[in-house]
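Protein chains: 2
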Amino acid sequence: MTDHRLARGAATRRRLLDAAVACLAELGWSGSTVSVVAERAGVSRGALQHHYPTREDLFTSAVEHVAERQSAAVRSLAGADVACVVRAIVDLYTGPVFRAALHLWVAATTEPRLRPRVVQLEARIGREAHRMAVELLGADESVPGVREVVQGLLDMARGLGLASLLTPDAGRRERVVERWAGIVGGALGGAG
Amino acid sequence: MTDHRLARGAATRRRLLDAAVACLAELGWSGSTVSVVAERAGVSRGALQHHYPTREDLFTSAVEHVAERQSAAVRSLAGADVACVVRAIVDLYTGPVFRAALHLWVAATTEPRLRPRVVQLEARIGREAHRMAVELLGADESVPGVREVVQGLLDMARGLGLASLLTPDAGRRERVVERWAGIVGGALGGAG
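Residue numbers (the numbering used here), protein chains in the order written: chain A, 1 to 192; chain B, 193 to 384.
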């Protein structure tokens, strides 16, 4: 295969993954068929299935790759203060990627073919988010209790994202972020 | 209508609401048709529709009434210590009622007829949960920052519930609850 064809394949995959996440976020699992994604990406159904043989492959790959790209962007905040880091983590859970992931998680509870894939994916994304938060917060997990502070913060971010699903309230979110940044900073500083 | 018929009507409604929540939690929104709920409750479809004319009526009423019953049970903890209260709040978000509510919330993002009903319901349940948490924690919301501590705690509970959806991990949950009960207790005591 020539370099040109390889590059074209990568560009097609990226278009498909972006389209799959956008469809999931907007239309939910039942509305996000393979045909809808192919059409939105401007790719034939056959070409889609060449890259992603099953619907499960397509959507789990899409959420994984787009979430990775997002968390790579947050990593660039290294050195920022706690409030900045907490805000960036909360933002990860309020956009279309979280919405897409939520549709996938919920669908997996009742779709036996999807479930094992999503359980693995959730574990990978969760570990990655935890590692990123520890790094950015400069948290020392060898100190007892520090691990749970970081986990609780990530749970709070996830819960804020869920609350924003139907009724986004940026003002409330910002006040909670500000207060909890202070609490997390104190808990890490006090323990560290 | 005689007292006997009234009582029978209330018992039928309760059976329907319990069946609706159980179906949503197990089968999700698309699997939870009116017929499935009627069958599970042992009630005719006509009788169901007499009490709840539309599918939206049935499921929003079900989540509302069962959530109310649950939070009334938690209120009985008045006077318990912070760790107990935090654990009980987190438990509200990890059972089948939360799972049912989650299916309803997610379905509402793509179902225009469901959305306005669920937005109202979410606001009522959210206010109720907040009021309950404030009471049980003895939090004084006139002190700046206290309101956001309680809100963040409820967001954390919601996020822990979401994380438990596919991979329940009671050990992790308990460690986060214990650590954060200490932090929340400190933040409320320190501010109050």
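These are computed hints drawn from the structure, not numbers from a lab.
Do not rely on the hints blindly, as some may be mistaken.
[To be verified] Some chain A residues close to chain B (C-beta under 7 Å, calculated; not the full set):
no., residue
1, GLN120
2, GLU122
3, ARG124
4, ILE125
5, ARG158
6, GLY159
7, LEU160
8, LEU162
9, ARG179
10, ILE183
11, GLY185
12, LEU188
A quick note: this is a predicted structure, and the numbers were derived from the prediction, not measured.
Don't be surprised by glycine CBs; every beta carbon is placed ideally from N, CA and C.
Violating hint indices (sorted, rising): 1, 3, 4, 11, 12
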